[in-house]
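Protein chains in written order, with this note's numbering: chain S, -5 to 1220; chain Z, 4 to 811.
Derived from the structure by calculation, the hints contain no laboratory data.
Since the structure is predicted, the reported quantities are computational estimates derived from the model, not experimental observations.
Certain hints may be false.
To be verified - Below, computed lysine-lysine pairings styled on DSS-like, alpha-carbon distance capped at 25 Å: (1) S:K1010 x S:K920; (2) S:K620 x Z:K304; (3) Z:K364 x S:K688.
Unchecked claim - Derived coverage of chain S by chain Z (criterion: at least 3 residues anywhere in the stretch with Cβ under 8 Å from a Cβ of chain Z; other residues may be distant): (4) 706 to 719; (5) 1150 to 1157.
For each residue, glycine too, the CB sits at the ideal point set by N, CA and C.
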Amino acid sequence: MTSMPGSEMRKPRGLPRSHDACATSGFCRVGCRGCQGLAANADVAERPGGTSGGSGRPGNRKRGPARERSRGSSGVSDRAGAAGVRLPGYGGQQMPGVPHSQYGVYNGPVPGHQQPAPPQGYFPSLGLPSKGSPVSLNSDTSSLAPNFIGPLRTPPTSGAPPPTSGAPLPVGQPAYNQFGQGDVQNGIPASAVQMQRPSVSQPFIPGSTPTSISQLSSFQQYGPSPTSAQQLTNHMARMTIGSVPTSAAPPAGLGYGPSTSVSPASGSFTATGSGLYTPYSSSQGPPPASMTHGLPPTSLSQGVPLAQPAFSGLPLSMQRLPSQGPGYAPPPSSTGIGPSNYPSTTGAPRPSTMQSPPLSGQALAGLPASQPNHLSSPPPPQQAMSGPHPGPPMTGLQGPPPPPTHPSQPGYQIQQNGSFGQVRGSQPNYGGAYPGTPNYGSQPGPPPPPKRLDPDSIPSPIQVIEDDRNNRGSEPFVTGVRGQVPPLVTTNFLVKDQGNTSPRYIRCTSYNIPCTSDMAKQSQVPLAAVIKPLATLPTEETPPYLVDHGESGPIRCNRCKAYMCPFMQFIEGGRRFQCCFCSCVTEVPPHYFQHLDHTGKRVDFYDRPELSLGSYEFLATVDYCKNNKFPNPPAFIFMIDVSYNAVKSGLVRLICEELKSLLDYLPRGGNLEESAIRVGFVTYNKVLHFYNVKSSLAQPQMMVVSDVADMFVPLLDGFLVNVNESRTVIASLLDQIPEMFADTRETETVFAPVIQAGLDALKAAECAGKLFIFHTSLPIAEAPGKLKNRDDKKLINTDKEKTLFQPQTNFYNNLAKDCVAQGCCVDLFLFPNQYLDVATLGVVTYQTGGSIYKYTYFQLETDQERFLNDLRRDVQKEVGFDAVMRVRTSTGIRATDFFGAFYMSNTTDVELAGLDCDKTITVEFKHDDKLSEDSGALLQCALLYTSSAGQRRLRIHNLSLNCCTQLADLYRNCETDTLINYLAKYAYRGVLNNPVKTVRDALINQCAQILACYRKNCASPSSAGQLILPECMKLLPVYLNCVLKSDVLQPGPEVSTDDRAYIRQLVTSMDVAETNVFFYPRLLPLTKVDVDSDALPAAIRNSEERLSKGDMYLLENGLNIFVWVGVNVQQGLIQNLFGVSSFSQISNTMSTLPILENPFSKKVRSIMDMLQAQRSRYMKLIIVKQEDKFEMLFKHFLVEDKSMSGGASYVDFLCHMHKEIRQLLS
Amino acid sequence: MKYGRSASFLTGENQGCQRYGPQTGSSPSSCIFWSLNLSDSMATYLEFIQQNEERDGVRFSWNVWPSSRLEATRMVVPLACLLTPLKERPDLPPVQYEPVLCSRPTCKAVLNPLCQVDYRAKLWACNFCFQRNQFPPAYAGISEVNQPAELMPQFSTIDYIVQRGPQTPLIFLYVVDTCLEEEDLQALKESLQMSLSLLHPDALVGLITFGRMVQVHELSCEGISKSYVFRGTKDLTAKQIQDMLGLTRPAVPVQQGRPLQPQEQPVISSRFLQPIHKIDMNLTDLLGELQRDPWPVTQGKRPLRSTGVALSIAVGLLEGTFPNTGARIMLFTGGPPTQGPGMVVGDELKTPIRSWHDIEKDNARFMKKATKHYETLANRTAANGHCIDIYACALDQTGLLEMKCCTNLTGGHMVMGDSFNTSLFKQTFQRVFSKDFNGEFRMAFGASLDVKTSRELKIGGAIGPCISLNAKGPCVSENELGIGGTCQWKICSLDPNTTLAIYFEVVNQHNAPIPQGGRGAVQFVTQYQHSSTQKRIRVTTIARNWADAQNQLQHIEAAFDQEAAAVLMARLGVYRAETEEGPDVLRWLDRQLIRLCQKFGQYNKDDPNSFRLSDSFSLYPQFMFHLRRSPFLQVFNNSPDESSYYRHHFARQDLTQSLIMIQPILYSYSFYGPPEPVLLDSSSILADRILLMDTFFQIVIYLGETIAQWQKAGYQDMPEYENFKHLLQAPLDDAQEILQTRFPMPRYINTEHGGSQARFLLSKVNPSQTHNNLYAWGQESGSPILTDDVSLQVFMDHLKKLAVSSAA
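This is chain S alone, in the form it adopts within the complex (with noise of 0.2 Å):
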């Protein structure tokens, strides 16, 4: 139960689909979102609100809309609401019976693990179902965990706890409830109100069957009595849930609470949750409550969700599994391995009881009971649930006893079962291990089936932003609270600032610091910032404005130099000000003072945006500029590479030509009539030829330079033109280049002397630039910089494998260096046909803040308009140049460590040569003290640049965070696609120094460790079978699984070396949204497309089973594009949008959908083109058809099925991630 609680504190996001969401208890969220899943938190949230209950159905029914409508509706309301909906959930989906063939299949499956497990598991996948939580699974042997565990968990919770949870709980479970947020609140108020959710709270009830059942000694003893078990298996499902909350027995009263850790939470969240949603509230008035509701419930509902997916899935598994299947199917979602066994059993049972009769009416009644004890929880056990959540534990701790449960809690078992059933891939393993354990085996009575997880169970990407989506899409974000969790990044959303920066220029991997180091350390949640300073903002959303503070420039604290912000506090009535980052009192410069009124503020507050605002910009004075002089306008350099393939390719003439236009379209900064940009133009194979275009001439000059051994530039004046003024001159120039040299044999190229060229040319013109050099080839000239192929597979999964990613020489390092101090950014387009040493040649690019783009075997045909559209973005797009980046904390965290495209010269300033409006810097934070929980935690990042048009600014971005003492507000403020960005990147930058094996098995551990400290400190005892993940990571594994068999970390065999470099490279400039798309890509069935309406198709989880022969689907990653081509497709539909009668005669080398004039086609066509706009590179189109060659390639992107170069499933990795997390815990 506790596990449910805690996920549903957190953020409603997480929760699964609705059938997850019912288990989830997710009140708020659940609510909100996946209605039924919810249910199960919705019974958390039931409680709160229970007279919100009877809407929150209603809610549920309508779902997504629903949810939001009931948070919209009030705080309390929500809850009702989530319940309702929880309710229906749980009714709808799980009353279908699937359950039962779910957890009947999972059973089959799991049968080894769930043996073991089952009892508990169940248990415990009920909390995980619930919400949470998490989903969880026994990874181990299934009998022995889950009996260790689960005696473990519940011996503390289950013992005391229940009853002391319950009634602190009650108190504070009211709280949440409303709040949404403070689970344990909920957990209290769920007392009063559960009654009445009861009916929706049945899943929450189970979650406080859970508890009990958490609570080992008191599931134990009812772990023993078979009934309970299995007549609860519903309840177990939820009990699981429940479960959970029983750890944090009093979270699950909140039905949050569970992902707070306990009912102690509870008080604190209470009060937190309050707080925050507090703002909320104001913010959204009433409807906060429905916001902070939003939030627990989603992971409850998860965990609820997966169990009941897992029903709907175990069909299959029962059918390995029969016995069990059923009852562990459902456990799925919650995790519990050994309840698959279980579930078997109580399979059966389970449906009955998951079905919504058991919710209806016992539920309801039993959900009042429980709730009354820690919330629902424990009344529900004793009904029904009761009877099974004791069982599970029972179970969980002896052998004899789950068999019992099992039967009695199918539903339960199911889930866990479903855990087990995810460990079909590692069946074997987790086999082993239960067979171990023959006592589920045994006790279950039903076989011990082992079962696999129904992937249906375990926690969706998809539903999560599906979830999000509705929840918060809706309504602006609006910043002026403190640690308020932004919207997921897939949310389209508005940004209101009102004193924190927008979270499309820094998201935080957790929105609520540990105050201590020792917390920090504790939960091994990095503390990261991911930050775009110049992030482009959507055309509703007004730009920084700019302030000038006059000759004297920006007013800034004496001591650290922080500029003036919201959060400084002016005393002494206005003559002074306090630095919000490092306490010292500043004196008020006469030009700047204003009085305060009553409250403190300044007068002014409103007319400045410094002070009011979360984004500005400073117009820097002279003394921010280099040398003391305000800066020339920067320079574009194009450097084309003229050797024999690019001009056969076509591609010199393609770029010429493409140039002439494109010149018009120069960033212009701001208003300027036209650009202040200049340009040079240079080619180069093996020697470099400048071209001197001044508008007085009347023909281009060409200047060779072929002392490339000792670069320079050999013009000046003429060199660097303003586009208008030398058009002719430009014209002429740009036509005759392909024609110069069309006979070129020349074969050999160089690249560092390219590069000092332009920056040799940057400095002679004393201004900042950026260089596009377009290459083709590896330089093997003879010239600095030089390389040799060193490219070699058999490195791959050795100790020399680092060296593929380090350059060959240090040179370029040096060169780099250079490049940064002049304010030189190097972009790079590739156009290899063979290895050319990405590794290599990027590094300055890297270092300098540019962007690589590559394309291999470019053909002109093919490849133009990806190139050309990327070349447009390029050229066109906002960049700031020369530029310093500062990130300042407030004084008890640092920013220890650095992760982008960038150079440093000392510790903390980033030195970016350009710095454009995708590129994203990833920041780590240390406590190197202590933080307090009023003051909070302050960041300001302070970004010195050059603008487009030369002038030089400072731009402030400033976010304010919460600090916490209990480790659950940490879980329940995270951010799992933040943290999934700053591991990635983390990782990647570690496989340049260790061999990747470490740098996985690093990442695997530390999210272990992260999870397991959640299930330790926060989650509600519960059995070690089951997988109890926060609600607001409860995708963790699935997204980690995809960064570790990302090509970087686990290459496939037809990944190139240079492949891993680039998107080596790649992946650390990449903001959440990008890596997010990247590591889990968008799958959209274009043939559910509604082509009347505006909306994408509901996309799809990226899993082979989910793709139709008959359908065809769209999956992008942000670098391509796949157009998903079944076989049996309507050819109606084929010739609509590919315009060819039939499947065999679509071609795969299509790199665009031709225009044909119907409806289908044209709405394919805006949407890819809408995903294009999305993009910050032009994806390329691969079709592919089914059972053709090129599906492998397609194939690698369903990243939750196992991966050809050996990636886990989903599934799998689920268990895998189980295993670790049980074993930290042991």
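Place chain Z on chain S using the hints.
Same frame as chain S, now just chain Z:
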């Protein structure tokens, strides 16, 4: 006082006489032709010398040679000659066949009028090694009455035109400094464009411009002008340069069945060197578009000028493409090299360019390195048979001191002016392309001079615009005078005036008998590429009588050519001055002079008043006096560049011009008679005279005090004073005449009494009256010079004293 012909001096004919002025009281009729059977028509040695010079372009210091080594050394002035290899001989039609060579491998002398010929046996005996040689088959028809030209005495100098190898057109590679003032650059551009029209249409031209960078322009491009650019700070090897210019053919694997096309090479090189008729327009435009060096020059800095690298690239370019064909690298520079190899001064204006003072103090930090750089270049250029001209126009020094070897070793021109926008430069440059009576350029390329001597003589060395070819031979002396140790020199570029001093050593032992009736003979064989691109060989064979110095000293004495001797000694002195301290050279010169006076003077011991010199020696001390004062040996008041410039020209001009340089000529114009040469003496500066002084480098017209006043009063504009107008005009016309033939154009100075420019005159005249000899003050006889220099009178007094001193 008796003066020689008046106006004809301008033609350079017979200046000797005028100069002798006072002292040459009588013609050397008293001289005795001792056992000369050469020419009865020669009345005097003077005429003999003059005739020889006109025919062979040779002037010997001694025209009768002492017959033993010992005696020869006692003569003080070495046996030497001034040779003008390409002396214009309009009357000498070249013969169109190959010369006949002595068959002895170590000799290879050319058949000449001194050879004994056995017409019957069709044999000839080499007069140097006495080898008997068969005539080649083509000579089958010869007889006493049917002699080939080379056997006729009047063809002691003869030109052969030979057909060897492919004829390559002349090559002109312009190396242009762009760090000039706008006005200068414009003038230079016009001059260059003009020069294109003077070139033969087939001539190949190339263009390199430099400033901070060096650009080699490709001349055959349409639509876009291409150039290869080099950093001005980095010295590159020839190979690197050729690689970078793409002149080295990539090692193409020999493809079977496809023989290499022999025309590839011209194709490659033609990118930078194109026949003028093809790219006339292009190049004219290109020159027209030349911009000043665009790199900013901040206050207080000199522009960065990469002369060293530019030259290096020019040399490398030609080296790679046209080795051993006639080519001129013409460097136009407007200031000192300020960066890279060959830099002469830093770019900080506050650090002035080195002066003699700095050099003496060893304070010229770039000099040695720069000199070495240019020397290396010069040697490479010479080895390839190309030449380098330097046209340096700037108010300040331009580093000629360091760069001098480029011209000195390759026979190139060195021109120094104040600005490219002056007639001095424009006309000088135009004169480079002047044509001779056949319409051919007065220039020849890649010459090698081969000197052969009869056994009693050996070759000590040569001084002139040449380098040694290091050809050892039996006739090479171990005692080097000038560039020695060889009997062959390479003269990469020469014109009809180019004159070398060649020093010999008599090796006949003291007790060895003079070959009966024997004469010593010397043969000069000059192979060169004529400006018409023909290969030619000029052979000059001369002979002089031997005399026993012990009993026939008077013969030797009478056959002394004091003019030639003065120039030859001066060349030795200047040559030494290049490497030694100034005072040492002067001491050496003094010592030689004293010894000469001791040897040939007539005096009673310790009685200076009894000292007399014969006519053939009488002018020699005076030459030495002026030589000591000349800028060739005195660096005071001259910048290192100027010294180099003067010495450069001194080392290559013929005897006449050299003498003018040593002792400028002064003419006086007055109402009292026709213009007359006057003593180069302060006493010649009179108020009612107009003076015209020619120092070779300068033409000074000086109006006496009264004349100047008249002119200011405007009398010349009054019809009644037309004679005054004519008087004023006369020197101008004469000056014009000089200006028109002289290369390089002299600096033309028009000044008057008290004018600042009058210093040019005052510094040259013998300071017979100074502020020191008070008696001269106020006298009308001249104008006192404010100087501490000794006057000729004092000099002579000392000389006599020392000469007669028994202590010496």
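Each hint tested on the structure:
A distance of roughly 23 Å separates the Cα atoms of K1010 of chain S and K920 of chain S; the hinted pair therefore holds under the 25 Å criterion. For the hint linking K620 of chain S to K304 of chain Z, the alpha-carbon distance of about 24 Å falls within 25 Å, and the restraint holds. For the hint pairing K364 of chain Z with K688 of chain S, the CA-to-CA distance comes to about 48 Å; that exceeds 25 Å, so the pair is violated. Closer than 8 Å: that is the beta-carbon criterion, and the segment 706 to 719 of chain S has 6 residues meeting it against chain Z, so the requirement of 3 holds.
Restraint check on the segment 1150 to 1157 of chain S versus chain Z: 0 residues with Cβ-Cβ distances below 8 Å, three needed, restraint violated.
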